[in-house]
Amino acid sequence: MEPLISVNCPSIECTSLSPSAPIWQDILAQAVTGEELAAMNYVSLSEICDDPAEVADALQHAEGERGHAAAFAAEGRKIGVEAANNVDAKHWKRLREAFLRCIAERDFIGCLIVQEIMLESLAVASYARVGKVAPGSLGETFARIAAEEEDHVDHAMSILRAERARDAQRFDDKVYRLHLDVMTTLAQMLAKECKDGHCEVCHGDCVKPSLFEVSLSAAELRGASLQQYLKTLDTLGIPGEVTLAWITQLPV
Amino acid sequence: MRGRTTDVDFALIGHQESWRAAADVIAVLRGPERTPVPDDEIKDILPWIPPRAVCHVDIESILGTKSGRVMSGVAKARGVYIDSFIPPDRLEAAYVHENIARVRRAAACAIKAGAKIVSLGGFSSILIEGNFDQLPERHATVFTTGNTLTVGFIVQGVKKMCALEGRKLERSTLLIVGATGDVGSGCARCLAPLMRRVLLSARNSERLRRLAAELQADGVRVEIATDLRRFSAEADVVICAASLASPSLLLGRIAPDALVCDAGYPKNLSPSAEMPGATVFFGGLGKITGGMSFEPDFHGILNRHPFPDVVHGCLLEGMALALEGRFEPFSQGRGFIIPERVEEIETIAARHGIYLAPLYNADGPVEDGVPCQPEWREAAILGRHAALISVAR
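These protein sequence lines map, in sequence, to chains A and B.
Residue numbers for the first sequence follow my numbering, so the first one is 1 and each next one is one higher.
Residue numbers for the second sequence follow my numbering, so the first one is 1 and each next one is one higher.
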């Protein structure tokens, strides 16, 4: 799909970003897809919550994630591109399926681990990196949403820490089981090169080789995401030597 | 890892000396059933790994095994190795703040693990020896740079090598590169009174002058220079204890048949350093004879030496103190290492079976009749060959 040029786009911003607009388009498409998927996950989560407060909380989160997706899409329009959502793209679809398996088991804690620990680590770290290099309101939006996602994680952490305090070994085993499923997919998404074909989100060729043009790199986004994930697991209290082995065993 | 890293006796904080070593650590963690991570991916991933425990280290004193009961101290100690994951190519001054932050985080891991004593290995001790106030709040954990035992093993190694070569210390001129560092100045205090003359080199001329004045007060003939080429005499015994890797280090005026002790971590001299006729050996290494095991098994990976159970003196200092049950910050700050303290830590170490390691260099053992682990010899030859090819290119 070629970038769509909006007639309403402010001319100065379009001019300043136009050479790199196709790159931002793909970055935004990944972000929009991730946020839409998160919204779907929270709606699904609300369906297994018994406590009305938890239901409301999950639906509020879903609304928040939709707001993020809309904000990213709006940033795309400002630079004259359409940031398409494709939650059926192969990696994202697998991530959704992993989450739905937790839903099917009515595993509230498993859902939080997948969404808040694994997927949000990717979001927080990669948005923060993009926020540092993206120009103008685009950068501000990424930075703002990175901060908001971090708040989500803080909220979930207290629930997860309490759960771990009940039975650390059982909790760690569950995280590991989900890690093997979800983080393997995320590692494939974050690999420096998409070795197993097109991701189905980029609008043309894979964006990764072009990221240097906007002062980013696939290696940096992967490194920052894995670091964020490790730090989150540290905060949960899972021993560092255990999580080190987990991440070194991921595909590259 | 079977156990969890809580309530250990000691912690060792280190980092890998080369990308090859880092790749080997990752390979062990990844397991033999998985494809090794390509070198370029290791370089991309490792800098992002926050400091953390890598393995448990269990050590035994010879006290328990000799008598069947504990005579003093403890017979066994359990520790943890924490890697700061300082990238091997980021050891220079430009990364000092980033590296101090990594050592701080590694120190926090040691405190969280409940370590009673922490040894700061390699570059970690260099970073902290002048910055102890930058360590996190310590609670019941004490930190030692481990430099006193490192000095002990360097001095023992120099004496042993001189004896093997039939050199008399009192007729030799000693050059210390990195003389004002904690290790360099400690070596100077221990060896200078035994030498005919001492040449001290470092980057800071004021510190050099202070150290020279201290030694001269004891009647030592001392010459100082920030430029190694400016010394008036040739050195026939050299200790390289500089804080930075200097693969192109030019030792300047050294005797053609000089004995050169490379005590740096990373090594100060590259395997291809042009010193035909000189005998190079690595210094500051000890051997724990009571036994040492890693979980997972990092034998030969974290201690990459031609002989089993060889460890850097700085790390052995913490182990010796743990076995002794003396949880105290034995080595702190810079420039406080004196012969009496060296003798004290050597005595503690020896009581638990920690002695000077057999001497070796990049080609293998330098002592006759000391067998080398076959896989190390093969790797060393391949590594040296690769280094020479790379230089040739």
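Since the hints were made in silico from the structure, they are not lab data.
Be aware that one or more of the hints could be misleading.
Said to hold, decoys possible - Only pairs whose alpha carbons sit at most 30 Å apart, straight line, appear in this in silico DSS-like list of lysine-lysine: (1) B/K112 <-> B/K159; (2) A/K174 <-> A/K132; (3) A/K195 <-> A/K93; (4) A/K195 <-> A/K90; (5) A/K231 <-> B/K160; (6) B/K112 <-> A/K192; (7) A/K132 <-> A/K78; (8) A/K192 <-> A/K174; (9) A/K90 <-> A/K231; (10) B/K112 <-> A/K195; (11) A/K90 <-> B/K112; (12) A/K132 <-> B/K159; (13) A/K78 <-> A/K231; (14) A/K78 <-> A/K174; (15) A/K174 <-> B/K287; (16) B/K168 <-> A/K231.
Consistency of the hints with the structure:
1. Restraint check for B/K112 and B/K159: the C-alpha separation of about 41 Å exceeds 30 Å, so the hint is violated.
2. For the suggested pair A/K174 and A/K132, the alpha carbons sit about 34 Å apart, so the restraint of at most 30 Å is broken.
3. For the hint linking A/K195 to A/K93, the alpha-carbon distance of about 18 Å falls within 30 Å, and the restraint holds.
4. For the hint linking A/K195 to A/K90, the alpha-carbon distance of about 13 Å falls within 30 Å, and the restraint holds.
5. Taken as a hint, the A/K231 and B/K160 pair is broken in the structure, with Cα atoms around 47 Å apart against an allowance of 30 Å.
6. Simply put, B/K112 and A/K192 have alpha-carbon atoms about 34 Å apart, too far for the 30 Å limit, and the pair is violated.
7. About 19 Å separates the Cα atoms of A/K132 and A/K78, which keeps this hinted pair within 30 Å; it holds.
8. Proposed proximity of A/K192 and A/K174 is supported: the alpha carbons are some 28 Å apart, at most 30 Å.
9. Taking the CA atoms of A/K90 and A/K231, the gap is about 28 Å. The hint holds against a cut of 30 Å.
10. Taking the CA atoms of B/K112 and A/K195, the gap is near 40 Å; set against the 30 Å cutoff, the hint is violated.
11. Simply put, A/K90 and B/K112 have alpha-carbon atoms about 41 Å apart, too far for the 30 Å limit, and the pair is violated.
12. Of the pairs offered as hints, the one joining A/K132 and B/K159 is violated, with about 56 Å between alpha carbons and a cut-off of 30 Å exceeded.
13. Our distance criterion of 30 Å between C-alpha atoms is broken by A/K78 and A/K231, whose separation comes to about 35 Å.
14. For the hint pairing A/K78 with A/K174, the CA-to-CA distance comes to about 43 Å; that exceeds 30 Å, so the pair is violated.
15. Note on A/K174 and B/K287: the hinted pairing is violated, with a Cα-Cα distance of about 42 Å set against a maximum of 30 Å.
16. For the hint pairing B/K168 with A/K231, the CA-to-CA distance comes to about 56 Å; that exceeds 30 Å, so the pair is violated.
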